[in-house]
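Chemist: Position chain B against the provided structure of chain A, taking the given hints into account.
Number of protein chains: 2
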Amino acid sequence: MFSQYRGFIHRFVSLGALLFAATSVSAKPIVQDAEFYILKAQHGDSWAKQDDELNQKLAALKEKFGTPPNIVHIMWDDTPMGEVGIPELQKLRGFSTPNINQLAAEGMNFLRMYTEPSCTQSRAAVLTGRHPIRNGMTQVGFPYEYGGLRKDEVTMAEVLGKAGYATAFYGKAHLGDIEQSYMNKQGFDEAVWEPYNQFPVIYGPQAEIAGGVLPTSTNPEIYPEDPYDMDKGWRTLGHVAVMEGKKGGPVRELVQPGDLPGWYKNMEDNKTRTLSFIDKNIEEKKPFYIAYWPELIAFVPFPERKTLSGGFLQEGLARFDPFVGQLMTHLKANGIAENTLVILMADNGPMTHNGPPGMVETLYRGGKGDYLEGGIRVPAMAWWPGMIEAGQTPGDIIHETDLFTTFAHIAGAQKYIPRDRIIDGIDQTSLLLNGDSFSRRDYVHIYTGETYAATVKGRFKRRWVGDLPGLSGASFYDLYNDTREVQPKMLPGFTTKGMFNSMRARHEIWMEKYPNKKMAYGLPFTNIENARPETIKASQPRFDKNEVPFDIEKVLKKTGDYGIIEADWGI
Amino acid sequence: MFSQYRGFIHRFVSLGALLFAATSVSAKPIVQDAEFYILKAQHGDSWAKQDDELNQKLAALKEKFGTPPNIVHIMWDDTPMGEVGIPELQKLRGFSTPNINQLAAEGMNFLRMYTEPSCTQSRAAVLTGRHPIRNGMTQVGFPYEYGGLRKDEVTMAEVLGKAGYATAFYGKAHLGDIEQSYMNKQGFDEAVWEPYNQFPVIYGPQAEIAGGVLPTSTNPEIYPEDPYDMDKGWRTLGHVAVMEGKKGGPVRELVQPGDLPGWYKNMEDNKTRTLSFIDKNIEEKKPFYIAYWPELIAFVPFPERKTLSGGFLQEGLARFDPFVGQLMTHLKANGIAENTLVILMADNGPMTHNGPPGMVETLYRGGKGDYLEGGIRVPAMAWWPGMIEAGQTPGDIIHETDLFTTFAHIAGAQKYIPRDRIIDGIDQTSLLLNGDSFSRRDYVHIYTGETYAATVKGRFKRRWVGDLPGLSGASFYDLYNDTREVQPKMLPGFTTKGMFNSMRARHEIWMEKYPNKKMAYGLPFTNIENARPETIKASQPRFDKNEVPFDIEKVLKKTGDYGIIEADWGI
Numbered sequence: 001m002f003s004q005y006r007g008f009i010h011r012f013v014s015l016g017a018l019l020f021a022a023t024s025v026s027a028k029p030i031v032q033d034a035e036f037y038i039l040k041a042q043h044g045d046s047w048a049k050q051d052d053e054l055n056q057k058l059a060a061l062k063e064k065f066g067t068p069p070n071i072v073h074i075m076w077d078d079t080p081m082g083e084v085g086i087p088e089l090q091k092l093r094g095f096s097t098p099n100i101n102q103l104a105a106e107g108m109n110f111l112r113m114y115t116e117p118s119c120t121q122s123r124a125a126v127l128t129g130r131h132p133i134r135n136g137m138t139q140v141g142f143p144y145e146y147g148g149l150r151k152d153e154v155t156m157a158e159v160l161g162k163a164g165y166a167t168a169f170y171g172k173a174h175l176g177d178i179e180q181s182y183m184n185k186q187g188f189d190e191a192v193w194e195p196y197n198q199f200p201v202i203y204g205p206q207a208e209i210a211g212g213v214l215p216t217s218t219n220p221e222i223y224p225e226d227p228y229d230m231d232k233g234w235r236t237l238g239h240v241a242v243m244e245g246k247k248g249g250p251v252r253e254l255v256q257p258g259d260l261p262g263w264y265k266n267m268e269d270n271k272t273r274t275l276s277f278i279d280k281n282i283e284e285k286k287p288f289y290i291a292y293w294p295e296l297i298a299f300v301p302f303p304e305r306k307t308l309s310g311g312f313l314q315e316g317l318a319r320f321d322p323f324v325g326q327l328m329t330h331l332k333a334n335g336i337a338e339n340t341l342v343i344l345m346a347d348n349g350p351m352t353h354n355g356p357p358g359m360v361e362t363l364y365r366g367g368k369g370d371y372l373e374g375g376i377r378v379p380a381m382a383w384w385p386g387m388i389e390a391g392q393t394p395g396d397i398i399h400e401t402d403l404f405t406t407f408a409h410i411a412g413a414q415k416y417i418p419r420d421r422i423i424d425g426i427d428q429t430s431l432l433l434n435g436d437s438f439s440r441r442d443y444v445h446i447y448t449g450e451t452y453a454a455t456v457k458g459r460f461k462r463r464w465v466g467d468l469p470g471l472s473g474a475s476f477y478d479l480y481n482d483t484r485e486v487q488p489k490m491l492p493g494f495t496t497k498g499m500f501n502s503m504r505a506r507h508e509i510w511m512e513k514y515p516n517k518k519m520a521y522g523l524p525f526t527n528i529e530n531a532r533p534e535t536i537k538a539s540q541p542r543f544d545k546n547e548v549p550f551d552i553e554k555v556l557k558k559t560g561d562y563g564i565i566e567a568d569w570g571i
Numbered sequence: 001m002f003s004q005y006r007g008f009i010h011r012f013v014s015l016g017a018l019l020f021a022a023t024s025v026s027a028k029p030i031v032q033d034a035e036f037y038i039l040k041a042q043h044g045d046s047w048a049k050q051d052d053e054l055n056q057k058l059a060a061l062k063e064k065f066g067t068p069p070n071i072v073h074i075m076w077d078d079t080p081m082g083e084v085g086i087p088e089l090q091k092l093r094g095f096s097t098p099n100i101n102q103l104a105a106e107g108m109n110f111l112r113m114y115t116e117p118s119c120t121q122s123r124a125a126v127l128t129g130r131h132p133i134r135n136g137m138t139q140v141g142f143p144y145e146y147g148g149l150r151k152d153e154v155t156m157a158e159v160l161g162k163a164g165y166a167t168a169f170y171g172k173a174h175l176g177d178i179e180q181s182y183m184n185k186q187g188f189d190e191a192v193w194e195p196y197n198q199f200p201v202i203y204g205p206q207a208e209i210a211g212g213v214l215p216t217s218t219n220p221e222i223y224p225e226d227p228y229d230m231d232k233g234w235r236t237l238g239h240v241a242v243m244e245g246k247k248g249g250p251v252r253e254l255v256q257p258g259d260l261p262g263w264y265k266n267m268e269d270n271k272t273r274t275l276s277f278i279d280k281n282i283e284e285k286k287p288f289y290i291a292y293w294p295e296l297i298a299f300v301p302f303p304e305r306k307t308l309s310g311g312f313l314q315e316g317l318a319r320f321d322p323f324v325g326q327l328m329t330h331l332k333a334n335g336i337a338e339n340t341l342v343i344l345m346a347d348n349g350p351m352t353h354n355g356p357p358g359m360v361e362t363l364y365r366g367g368k369g370d371y372l373e374g375g376i377r378v379p380a381m382a383w384w385p386g387m388i389e390a391g392q393t394p395g396d397i398i399h400e401t402d403l404f405t406t407f408a409h410i411a412g413a414q415k416y417i418p419r420d421r422i423i424d425g426i427d428q429t430s431l432l433l434n435g436d437s438f439s440r441r442d443y444v445h446i447y448t449g450e451t452y453a454a455t456v457k458g459r460f461k462r463r464w465v466g467d468l469p470g471l472s473g474a475s476f477y478d479l480y481n482d483t484r485e486v487q488p489k490m491l492p493g494f495t496t497k498g499m500f501n502s503m504r505a506r507h508e509i510w511m512e513k514y515p516n517k518k519m520a521y522g523l524p525f526t527n528i529e530n531a532r533p534e535t536i537k538a539s540q541p542r543f544d545k546n547e548v549p550f551d552i553e554k555v556l557k558k559t560g561d562y563g564i565i566e567a568d569w570g571i
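Residue numbers (the working numbering), protein chains in the order written: chain A, 1 to 571; chain B, 1 to 571.
Next up, chain A with everything else stripped away, as it sits in the complex (with noise of 0.2 Å):
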């Protein structure tokens, strides 16, 4: 009746073989999750033989194009599982995605794609391969927050860049506004990169727009003076909504806050570069990888509507959407759709806490923040004519962690990935090239900030907090039977509870032989060659030294310890 039985009749115990295949890849394996060895000791042995015969496809694909694949991995914001790529579903939500939607019929629609619950955390998760708790990107980066992704995290880019791939980036970052954070920092060749979200765009004269429609508007301009505002530091404009900069090469500002022309521009722009970045390589006969992670929406209403729903997300969606069928036609018309790999997909639940109209529930409970479902399945879907089998919906788990090492995989640079750290992302791409069942992968732990929040494996869930102490709270969930999560039972407990308790205690143990990180703190916008006034004054201390009793220094780190405390579970 499913077909996932299909993979599990190969799967057999061997523990010879399976350090075998660890070992056959480089001289040291790749740290993993502690979770990741129980499921190697059961399967480690068809793992092996599956993967002899996907390097062997694989080295045919190189054989015909003289180069390893492209990957093209394009991940936007704040999207529910089911929104895209389910034509039906997009009929009750009155707008449509032809093109998206084409892509997942040709290749393949996952269903249980998880993401982080947040932006920032899902963005440093799938470029470092690591969940954010190891790392420190655990909240959703804000200006004059004062952090960013630590120079020492080993990025895609660097990964795909040491293998001899060319690397851009395009779109939103929200990976921090310190300096060693920007993406050309980060290892990639080309980058224009949004440090934060969409809220930029509000600081311009669309903020009362916005205000109208949104629970907020955060332009101080708009406002009439107080005269009770002592403090004009609450009120700065210096910080930057779009820079760029080449590898090894200075960075600029390219979009101001505020500048919503600018800001709409940028977004047709980045797909022009996208193209570009192809023809160029193309040319140079070059293996490239981009990260695209368009912005979809501003924050302010498109002027006009082009979908029935009008939402904000559904109307980016509507106008990114023939990108995507521009994309598929270039790559077919350049012969090298075959041996190019796209990635769609969202980086987290809806914004349904505070979010812009049109961002709401739909299968799963909860939204962007949240451990829930809702918060952290998203649509995703992956393209590969010739090497992924066209209309596909595997059930397998996937978690956006695993493409950092799938793509490593395909691309041969598997010796990169760095052994001195837990990598939570799983090689997949049996799951790419086999199909429904071939997953390795059959948990996800859920952080919301620095807190364990709540465990998936296969079918059940458990949450570890929100829920009564004891039995009474009862926070065992059955997947299957009760998608949204409402009917928490004591029966998938009683089954399930040993086996959660066991898993969080060897996820925890490991964590100590390989400790967690805290996020790179700094002074913001450092080293941009047009930086404006404000900006500059910005990436300066607020205060003279002199002008404060207390050690700003000290202020500064614990700001960003503050960051960490303050968790947000959503609910």
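For the record, the hints were derived by calculation from the structure and aren't laboratory data. We put the CB at the ideal spot given by N, CA and C, even for glycine.
Quick list of simulated restraints, FRET-style, between CB atoms: (1) Asp-442(B) x Ala-41(A): 57 to 63 Å; (2) Pro-303(A) x Asp-442(B): 25 to 31 Å; (3) Pro-541(B) x Val-465(A): 58 to 64 Å.
Not everything, but these chain A residues come out facing chain B in the computed CB check (under 7 Å): (4) Leu-92; (5) Gly-94; (6) Leu-308; (7) Val-360; (8) Gly-395; (9) Arg-484.
Here are the simulated BS3-like pairs of lysine-lysine, each with C-alpha atoms no more than 25 Å apart in a straight line: (10) Lys-457(B) x Lys-91(A); (11) Lys-306(B) x Lys-457(A); (12) Lys-91(A) x Lys-91(B); (13) Lys-247(B) x Lys-280(B); (14) Lys-246(B) x Lys-185(B); (15) Lys-306(A) x Lys-489(B); (16) Lys-489(A) x Lys-306(B); (17) Lys-306(A) x Lys-457(B); (18) Lys-545(A) x Lys-557(A); (19) Lys-489(B) x Lys-91(A); (20) Lys-91(B) x Lys-489(A); (21) Lys-457(A) x Lys-91(B).
Modeler: Just chain B, lined up with the frame of chain A:
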């Protein structure tokens, strides 16, 4: 972008043509709900043109096959929209109905089929083409409520029977236990039916098992003798689980309450009866109409599991699914598939309140009994090879009462629809044969019990009950943007409040001309040939009228009134 515009361009306002079209079918036009005339005034002209084409098509089909089209209407219980027909969603729920999904793929999968919110209401509506408010079938019928479907209601079986159709009813009727409501007295040539729902199966030894799964078990026999239980009249077992009879013939009890093996056997027998009835009428060259309303479950867990879900509903659907394949094969093999319309659907949303495991909200909020979309939007599909184009997913609104009027049209039986009462059902032949955007309805009146609870008009929905009064309630929803009805907004209310007010006013004023009727009352289970002694006892007044000082006939009538007063809003 959306194909619904297709229909719109054919729509012109022409009142003259409209009146002509209405009168050309019969001397007297069918009386419809007030809202219909608002649409007809705008679209009557194009509808008339469409009808000419449709009638030519139907005439050609009759010419080819010698009879008007056969109709098989399959309707089961308590299933949320999306639970069948969209394979991706079934994977998320851990079960699969490949045959039902194939039927949907070969035909039309409705995305906005509305029903009444509970079993009795829904079944009365589809059989009479009228909202239950019109004929008093507003409550879920339980034993000793002394009521049922009025004999002066004109059922689908009576309309089609007059047009020469052979008619059969198999399964769950839930339309009362008084003699005039018996299915063989309501126009069916053959009938095997349950007067209530599945609860009678709990009156057996399995009650104990069910009690461990469901909130309550109702069999008095498994309780110890209660020394304070003075009134044994509350513990009667005289009611009937399944009855059978032919038109004009005697009625017999076929399955007794608590007879679980008998219940399961009858579930299987109904499949055989359906296929045999088809064969018999093929032989006799008679068109047939079968209302096969299977039970699927028994309110007792199935002894073994066929699905990963294990939910009662999912198990029932998985077990029923092969029959759908068998039916399609049977119709094709006998060469009558192209002359047979098959409709598959559920009767209302999932029984989320007090229901068995597996009945939960999925896409929509609310369940059985609720005026929320989750209570009244069901999976529904139409299959008619050669007449209904494959692969369609119309986003149009259709209501289950429309089947009454539509079946009458395709059967050439419109003249037998009574003209002395309001028929809520609208002729949707054009939607079936022309597809997306060809619905003749953009509204739904939603009653729970006798309460007018909510109104749907296109993308908008208004609640009339359950919210704060005045603007603070803001009970206006945009169903594209807020599929789950959790963000009531004043903005859709600003443009639609007045329109909704007028709509309700004309709906109610029209009722003054064509008044609603009450349910029929009486003593249950009269004239059952093989009645058990306790059934005979139950069919008589509980007390001799000399034993009690009050008028027992007045009490009986009042009992019915109480049933009506108690509305079930669900939330």
